[in-house]
Amino acid sequence: MTTLTAPPERTAVPSRREGAARPFALVRHSVALAGRSLTKTRRTPEQLIDVTLQPILFVVMFLYLLGGAVAGSTHEYLQTLLPALMVMNTVFASVQTGINLNDDIKKGVFDRFRSMPIARSAPLVGSVLGDLIRFVLLIVVQLGFGYAVGFRIETDPLSALAACLLVMFFAFCLTWVFVLIGMLAREPGAVQGIGFMAMFPLTFGTNVLVPTDTLPGWLQAWVDANPVTAVMETARGLMVGGAVAGPALETVLWSVGVLAVFFPLAVRAYLRRT
Amino acid sequence: MTYAFRAEGLVKRFGATVALAGIDLAARQGTVLGVLGPNGAGKTTAVRILATLLRPDEGTATVGGLDVVRDAGEVRRLIGLTGQYASVDEDLTGTENLVLIGRLLDMRTAAARARARELLAYFELAEAAARPVKTYSGGMRRRLDLAASLVGRPDVIYLDEPTTGLDPVRREDVWGIVRSLVGDGVTVLLTTQYLEEADALADEISVIDHGRVIAHGTPAELKQRVGGRHLDLRPLDPARLLDSAGILAAVAGTQPESPTRGTLTVPVEDDGMLTAAVRRLDEAGIAVAELSLRLPDLDDVFFTLTGHGTAAPAGTGGAGEARTAKTEEAVR
Ligand SMILES: Nc1ncnc2c1ncn2[C@@H]1O[C@H](COP(=O)(O)OP(=O)(O)OP(=O)(O)O)[C@@H](O)[C@H]1O
Ligand SMILES: [Mg+2]
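The listed protein sequences correspond, in order, to chains X and D.
Whatever position you read off the first sequence (first residue = 1), add 148 for the working numbering.
Every letter in the second sequence is one number past the one before it in the working numbering, and letter 329, counting from 1, is 328.
Next up, chain X with everything else stripped away, as it sits in the complex:
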């Protein structure tokens, strides 16, 4: 750099003061930061393994390993299994979002964000919004592979779409639990440990694998209380038929409740991190 003569032009663009008066700062800044998150995902596609290979692996594992033993025919089992696996994998993917964020936030660029006049929660909201692409990809892969091995939607496309959106909404809300853990934990490994410890009872403690009537009483009670069970039942109902209204309401209430509790806690933890 030998031609450093003139200082940067200091009059060409509006100063910070003029610009920031524009409304909807949180939305605007979150969208800009979600863009950052998407670009990062595009540049490091290996981060997407858990939402691309894992859904396929799970179908293969459950269907061919357990399918024969659980239900009479693999096709019948696949019809109930696939919507449940979709829920299970999105729940796992929401843990991964917390892990990624724990790693990301240690980088100096978050210090820059925090020293800028932007909405305080925008870096978190932006990252989580950007990670919604992971859920979309997961659902596409899950359904695509499901179709390839014989899964069929028995209701109508709109209901199926509603199922996908509801599952994504639940995962989005649940993500804030892991964002909070990500903000409190020092290491990504700790987030993973805590996250998966919580994940196993939540995902396997459902009727994803086997009908609940074969379970001991205490486990049945947990399965019934488990919000993930309600999400799975809703997804099943909307894709292959069955009761929808009850479990759907339960899903929405749980989602909103989790969001209302964990979003403020996560933001607070983020702002307190030094």
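For the record, the hints were derived by calculation from the structure and aren't laboratory data.
Where is the CB? At the ideal position from N, CA and C, for every residue including glycine.
Treat the hints with care, since some could be wrong.
[To be verified] Derived pair list, reagent style DSS-like, types lysine-lysine, alpha-carbon separation capped at 25 Å:
| hint | chain 1 | residue 1 | chain 2 | residue 2 |
| --- | --- | --- | --- | --- |
| 1 | D | K133 | X | K254 |
| 2 | D | K222 | X | K255 |
| 3 | D | K222 | X | K188 |
[Unchecked claim] Footprint (simulated), chain X over chain D, 3 or more residues, beta carbon under 8 Å:
| hint | segment |
| --- | --- |
| 4 | 102–109 |
| 5 | 261–269 |
Put chain D with the ligands on the given structure of chain X with help from the hints.
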């Protein structure tokens, strides 16, 4: 007097560690304050408080008259931060980094792009603009980091060790940038471990150690505090060190010190001293490997003020202990 930023009595503890023990820092608009201190002195902690990233436990700090805790949102509109560790995104390209910051500062996309292009050209990063930052060299990253803190044309810029890890040419480049910013009326807080750098750039210097300001003044004032010039002598034959010390003591009227093995140094009071020393050494038949008259540098300032050298982290002794020990050994 109006200050662009001012910190008074800042205290910050991390558990049992006292990072800042009541520190005062201030700079008038359009000047450079150099904050000079060894590792762990509290430089980064002070910068983070002034940049609204940390709350002080005690004391107050203002930027443009606004309190960094109470009016943090307003303060953030005035400042630009280049942290000690790269605060740009490794996975984004140079352009993407700067455009993102422009967007976050509520510039329109076209304006953000124009500003990014302008800064990338200014920092000679135009060719690398479309490459992800992880492919950049250390110097390029530093420059992009500086560019990033200038996107919003801040009034006050914090540069936390901006030249650490840069080669001498790149360091000079950064110095040039700092000077041109100041020419523009920007106020700069620059932390450094390089005395030469503070001397070259700062209007005033605060020397800090263990979270306290141990000296403050212009570079010239600080130099004055350690006295005038010094005479350094290294006899060719180390066995003649004691004889040499005797001669220097006689011409200078004070006992010489021995900063490194085999060398002696005494303060110089009058100009005739050098010739007197040369004559006496010659008479005594002492061959000289090195004899020089040296102006004090800020290393001397630091040594005089803290009793240990700048390279030595607090508590490990290092240069300071070595100097006293060897003086005894050499001059006894
Ligand atoms: N987040 C933290 N938690 C615990 N201790 C901390 C934290 N940040 C700083 N410290 C401690 O506070 C003291 C001052 O640290 P600081 O980073 O401000 O020093 P510095 O002058 O910037 O050093 P360096 O030249 O190495 O960058 C050190 O003892 C450091 O270990
Ligand atoms: Mg530091």
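Hint check results:
no., hint, result
1, D:K133 <-> X:K254, "16 Å, holds"
2, D:K222 <-> X:K255, "39 Å, violated"
3, D:K222 <-> X:K188, "50 Å, violated"
4, 102–109, "holds (count 5)"
5, 261–269, "violated (count 0)"
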